[in-house]
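*Asks:* If you read the sequences in order, they're chains A and B.
Each step along the first sequence adds one to the number in the UniProt record's numbering, with nothing skipped, and position 130 is 130.
Each step along the second sequence adds one to the number in the UniProt record's numbering, with nothing skipped, and position 74 is 74.
The hints are simulated quantities; they were obtained by calculation from the structure and are not laboratory data.
Computed from a prediction, not measured in an experiment: that's the story for all the values here.
C-beta: ideal position from N, C-alpha, C; glycine also.
Keep in mind that a hint or two might mislead.
Stated by the list, open to error - The following residues of chain B were derived to be distant from chain A, with all beta-carbon distances above 12 Å:
1) A22
2) T105
3) T176
To be verified - Label-pair restraints from in silico Cβ distances:
4) A/G180 to B/Q38: 12 to 22 Å
5) A/M51 to B/A2: 45 to 55 Å
6) B/T45 to A/A2: 47 to 57 Å
7) A/E42 to B/E7: 52 to 62 Å
8) A/H32 to B/G27: 45 to 55 Å
9) B/H37 to A/S63: 51 to 61 Å
10) A/R49 to B/R49: 40 to 50 Å
Number of protein chains: 2
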Amino acid sequence: MAELLWERGYAATSPRDVMSRAGVGQGSMYHHFTGKHQLAVEALTAVARDMTAAASPLDGDGSPLERMKRYLALPRPGTLGCRVGRMTQDPQAVTDPELRTVVATAFDTMLDRWEHAITDAVAAGELPADTDPGDLARTLAAVIQGGYVLARARGEQQPMDAAVRGALALLDAARTAARGEH
Amino acid sequence: MAELLWERGYAATSPRDVMSRAGVGQGSMYHHFTGKHQLAVEALTAVARDMTAAASPLDGDGSPLERMKRYLALPRPGTLGCRVGRMTQDPQAVTDPELRTVVATAFDTMLDRWEHAITDAVAAGELPADTDPGDLARTLAAVIQGGYVLARARGEQQPMDAAVRGALALLDAARTAARGEH
């Protein structure tokens, strides 16, 4: 189900598609899942768990700004899109309260981690004192999500990598500006 | 068709839906359009024209950095999503060569305008001399596209506005860094 959600989206995936991909029969599937909706909720929950686990560099070694830059620069398959973020553009998924809660919770967890790292970077004098951690967290998460959109628009990885490089350069400039404050 | 593409996506919109929304009969629709595909191409082309026309502040009055900030700060309905960008997350639309060309061309036009404004801002000493206009253009376009994703994940406008405010603050910090170069 996770693969089909990513490849085809929620609307275009049928229970029959899931049974065929998983190689199981109807009896077996409905023994474990009540239907397509529950399958999607559980698949997306597992995918969201992977996404937040991949953010561990934000809490790792190095100065706060180094950790932020390291997480931004992780390799990301731009043309495949974010398996969580893409759900927000799926009209049937985004209007499903349970699926939207899974997506919103995953983003909230990510944004919390960004905010912590940014708050630490401001305290360390690596970012200007008037930086709003909540705003900048959303800017940097948006660069990643928007990078996927640009990469998919062209069918190429390049725009994703360029968007991230531009964000890294802005963070370096912000560090230069922060140093000038002292 | 443009409304339905935005509300439901390409896969989930049928020719019958279009006839019903437009209040026209089958004979009338197929007299003008060969089918759903041609309807979608023409609707998306019109939407893409609107998107690039809305970028006129990038070429308007004021210093280059002021123009960039003014365009970033335009009101955008976050929870509705970008009518062009969302197509990249629609599995059927993004694999349709004609629809993807319309989307890719619209983004290329936008990115060209960003690059021109950024190149002018570097020349005016408003951004650091080592700024890569191609990279920063993609970063700023990604902030807008990603802002839509975050807004839709929460069903609220706030994350879109926060992402833009954070980008404006980074551009101000970059201007401070650029001034220190002189």
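*Asks:* Take the C-beta atom of A/E42 and the C-beta atom of B/E7, compute their distance, and say whether it sits inside 52 to 62 Å.
*Replies:* violated (27 Å)
*Asks:* Go ahead and decide if the range 40 to 50 Å is satisfied by the Cβ distance of A/R49 to B/R49.
*Replies:* Holds, since A/R49 and B/R49 (Cβ atoms, about 42 Å apart) stay within the stated range.
*Asks:* So B/T176 supposedly isn't at the interface. Is its beta-carbon more than 12 Å from every beta-carbon in chain A?
*Replies:* violated (4 Å)
*Asks:* Using the beta carbons of A/H32 and B/G27, state whether their distance is inside 45 to 55 Å or not.
*Replies:* holds (49 Å)
*Asks:* Closest CB-CB distance from B/A22 to chain A, is it above 12 Å?
*Replies:* B/A22 clear of chain A: closest Cβ-Cβ about 19 Å, beyond 12 Å.
*Asks:* Are all beta-carbon distances from B/T105 to chain A longer than 12 Å?
*Replies:* At about 9 Å from chain A, B/T105 fails to clear the 12 Å cut-off, so the statement is violated.
*Asks:* Starting from the range 45 to 55 Å, see whether the pair A/M51 and B/A2 falls in it by beta-carbon distance.
*Replies:* Check failed, 32 Å falls outside 45 to 55 Å.
*Asks:* Has the hinted range 12 to 22 Å been met by the Cβ atoms of A/G180 and B/Q38?
*Replies:* Given range 12 to 22 Å: violated, Cβ gap about 57 Å.
*Asks:* Check the following: the C-beta atoms of B/H37 and A/S63 are separated by a distance inside 51 to 61 Å.
*Replies:* holds (52 Å)
*Asks:* Could you see if the CB distance from B/T45 to A/A2 stays within 47 to 57 Å?
*Replies:* Violated - the Cβ-Cβ distance for B/T45 and A/A2, about 34 Å, lies outside 47 to 57 Å.
In this structure, the hints that do not hold are numbers 2, 3, 4, 5, 6 and 7, in rising order.
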